[in-house]
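Asks: In case you want the letters, here they are:
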Amino acid sequence: MKLISIKKIALSLVCFLVFSVLSVQAENALDNIEKNKVIRIGIPTDYPPYGFVGTDLQPQGLDVEMAQYIADKMKVRVELIPVISANRIPYLQTKKADLIISTLGKTPEREKVLDFSIAYAPFFQGVFAPKTTTIKSFSDLVGKSVAVTRGAMEDQELSKLTPPGVNMKRFEDNNATIAAFVSGQTDAVGMGGAVAVNIIKQNPKLGAEYKLLIKNSPCFIGIAKGEEELRLKVNAIINEAKKSGEIDKLSKKWLARSAGELPD
Amino acid sequence: MSIELDFGAILIEWPQLLKGVGWTLFLTLSSTVIGVSVGSFFSWIQWQKKSIGIHVVSLYVESIRNTPFIIQLFFIFFGLPSLGIKLSAEWASVVAMSINLGAYSTEIIRAGVEAIDRGQIEAAYTLALSRAQTFKRVILPQAYKKIWPSLVSQIIIVMLGSSVCGQVSTEELSYAANLIQSRNFRAFEAFIIAATIYLALCILLRSVLNRLGQRYLFGTRRG
Numbered sequence: 000m001k002l003i004s005i006k007k008i009a010l011s012l013v014c015f016l017v018f019s020v021l022s023v024q025a026e027n028a029l030d031n032i033e034k035n036k037v038i039r040i041g042i043p044t045d046y047p048p049y050g051f052v053g054t055d056l057q058p059q060g061l062d063v064e065m066a067q068y069i070a071d072k073m074k075v076r077v078e079l080i081p082v083i084s085a086n087r088i089p090y091l092q093t094k095k096a097d098l099i100i101s102t103l104g105k106t107p108e109r110e111k112v113l114d115f116s117i118a119y120a121p122f123f124q125g126v127f128a129p130k131t132t133t134i135k136s137f138s139d140l141v142g143k144s145v146a147v148t149r150g151a152m153e154d155q156e157l158s159k160l161t162p163p164g165v166n167m168k169r170f171e172d173n174n175a176t177i178a179a180f181v182s183g184q185t186d187a188v189g190m191g192g193a194v195a196v197n198i199i200k201q202n203p204k205l206g207a208e209y210k211l212l213i214k215n216s217p218c219f220i221g222i223a224k225g226e227e228e229l230r231l232k233v234n235a236i237i238n239e240a241k242k243s244g245e246i247d248k249l250s251k252k253w254l255a256r257s258a259g260e261l262p263d
Numbered sequence: 000m001s002i003e004l005d006f007g008a009i010l011i012e013w014p015q016l017l018k019g020v021g022w023t024l025f026l027t028l029s030s031t032v033i034g035v036s037v038g039s040f041f042s043w044i045q046w047q048k049k050s051i052g053i054h055v056v057s058l059y060v061e062s063i064r065n066t067p068f069i070i071q072l073f074f075i076f077f078g079l080p081s082l083g084i085k086l087s088a089e090w091a092s093v094v095a096m097s098i099n100l101g102a103y104s105t106e107i108i109r110a111g112v113e114a115i116d117r118g119q120i121e122a123a124y125t126l127a128l129s130r131a132q133t134f135k136r137v138i139l140p141q142a143y144k145k146i147w148p149s150l151v152s153q154i155i156i157v158m159l160g161s162s163v164c165g166q167v168s169t170e171e172l173s174y175a176a177n178l179i180q181s182r183n184f185r186a187f188e189a190f191i192i193a194a195t196i197y198l199a200l201c202i203l204l205r206s207v208l209n210r211l212g213q214r215y216l217f218g219t220r221r222g
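Line by line, the protein sequences give chains A and B. Going by numbering that gives the first Met the number 0, the first residue of the first sequence is number 0, and it counts up by one from there. Going by numbering that gives the first Met the number 0, the first residue of the second sequence is number 0, and it counts up by one from there.
No wet-lab data here; the hints were simulated from the structure. Model, not experiment: these values are computed from the prediction. Please note that the accuracy of each hint is not assured.
[As the list claims (entries may be wrong)] Cross-link-like lysine-lysine pairs, in silico, DSS-like; alpha carbons within 30 Å at most: (1) A:Lys135 x B:Lys85; (2) B:Lys135 x B:Lys48; (3) B:Lys18 x A:Lys111; (4) A:Lys224 x A:Lys214; (5) A:Lys143 x B:Lys85; (6) A:Lys135 x A:Lys214; (7) A:Lys200 x B:Lys85.
[Unchecked claim] Over the 12 Å line for every Cβ pair with chain B, so calculated as not near, a few chain A residues: (8) Arg76; (9) Thr176; (10) Asp263.
Quick reminder that beta carbons are idealized off the backbone N, C-alpha and C, glycines included.
With the rest of the complex left out, here is chain A (with noise of 0.2 Å):
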């Protein structure tokens, strides 16, 4: 009697899921997002300059315009959701996000699980240490510890550059990845170019430097797989922001620096 109830609750479960997933992949996320007038966008607000919260606790940045370029070009509202690196792909898959824009660089692995618009901002990551700390190449990080944040590209990339006997430390965001770099917990950091840049600014105590180039990677819109109208969409919108300077205007308000040479 149990056993029977215990396979019915099982299979009503599994009705559920099916269900479920059947129900949320019968539109096509374009359509949803002209029905609804409203397009949901993951941005990251731990991320200055790409994305961060002002003192208005409202989220700006390179990232928080280029998701409002968007929607006021597609002519829909923008509901912002705030994203972490290791949980930006998640939103994405499970269709909680429409967009990613979240200086998401692009890489094989992620290619299959997500299509990418063309780039829309110049981008490079890299590790960052004291003045004092002798770091030439990725071999003399070998019995340091270095702070990257969960699932972010320099997180992988760096696995790959470094030879083993690196202390990797794997943070869960990018605040808290800073924090201990900032407080002295690691030796080093490895993250983007720009945010690091504004981090040793506001630190001067620090007296960390740029050390070693782990990638140049600009930054992509992530779209769910398959998205195939809303990627072509989100391309043109790029396109037309690249020929009237709208991208180049974006990169030198927030980077101080021009896009230069985006690749498709």
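Please arrange chain B on chain A, whose structure you already have, making use of the hints.
Replies: Chain B only, in chain A's frame:
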């Protein structure tokens, strides 16, 4: 696209998961030993009924019980270095969990101590036991017996709370699950497996603790 569960993608990372389980157990066991000792010691101080001792203990208990665990952990890991106290992520986690469990167990054990009949204490004094002996040999074992189930529950809560320690790069079980899902984007499967392991660990830990309590702390042995 429909959801296809691929547990193999997670289970292939078993060394990472095993390491996570190891750390979770280490954190739980060490903080249990330290936390319960702290709790027993502080309930001894409270039992003395000296006003300064009571104030110190209640300041500790109230400040820990009324602040979130993650804030305590961040305070120890990110805050203390500015005072020159630098603990590694693992030690910061042990310290935070011990302090946390210490505060809760102080209150739990105190409840047990207060439930001991006055006659027991008078009888102990009549047998010329000192105050310390009375507390250690007469009161504490009986108190443990009364509050053991709630103490075990609190230890389980602390073990589940250890999942927060991954935030400061301690490589416990939920850190492992998070790391795996950030590599292969199989979040659903990773968390299903992590939840299953936590469930198993809880059931195991609860039965072990219940047995240990029976056997060593207040068992049927006499003497």
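Asks: All hints are to be evaluated individually against the structure, with a verdict given for each.
Replies: Status of the hints after comparison with the structure:
no.: 1; hint: A:Lys135 x B:Lys85; verdict: holds (26 Å)
no.: 2; hint: B:Lys135 x B:Lys48; verdict: holds (16 Å)
no.: 3; hint: B:Lys18 x A:Lys111; verdict: holds (28 Å)
no.: 4; hint: A:Lys224 x A:Lys214; verdict: holds (25 Å)
no.: 5; hint: A:Lys143 x B:Lys85; verdict: holds (15 Å)
no.: 6; hint: A:Lys135 x A:Lys214; verdict: holds (16 Å)
no.: 7; hint: A:Lys200 x B:Lys85; verdict: holds (24 Å)
no.: 8; hint: Arg76; verdict: holds (27 Å)
no.: 9; hint: Thr176; verdict: violated (9 Å)
no.: 10; hint: Asp263; verdict: holds (24 Å)
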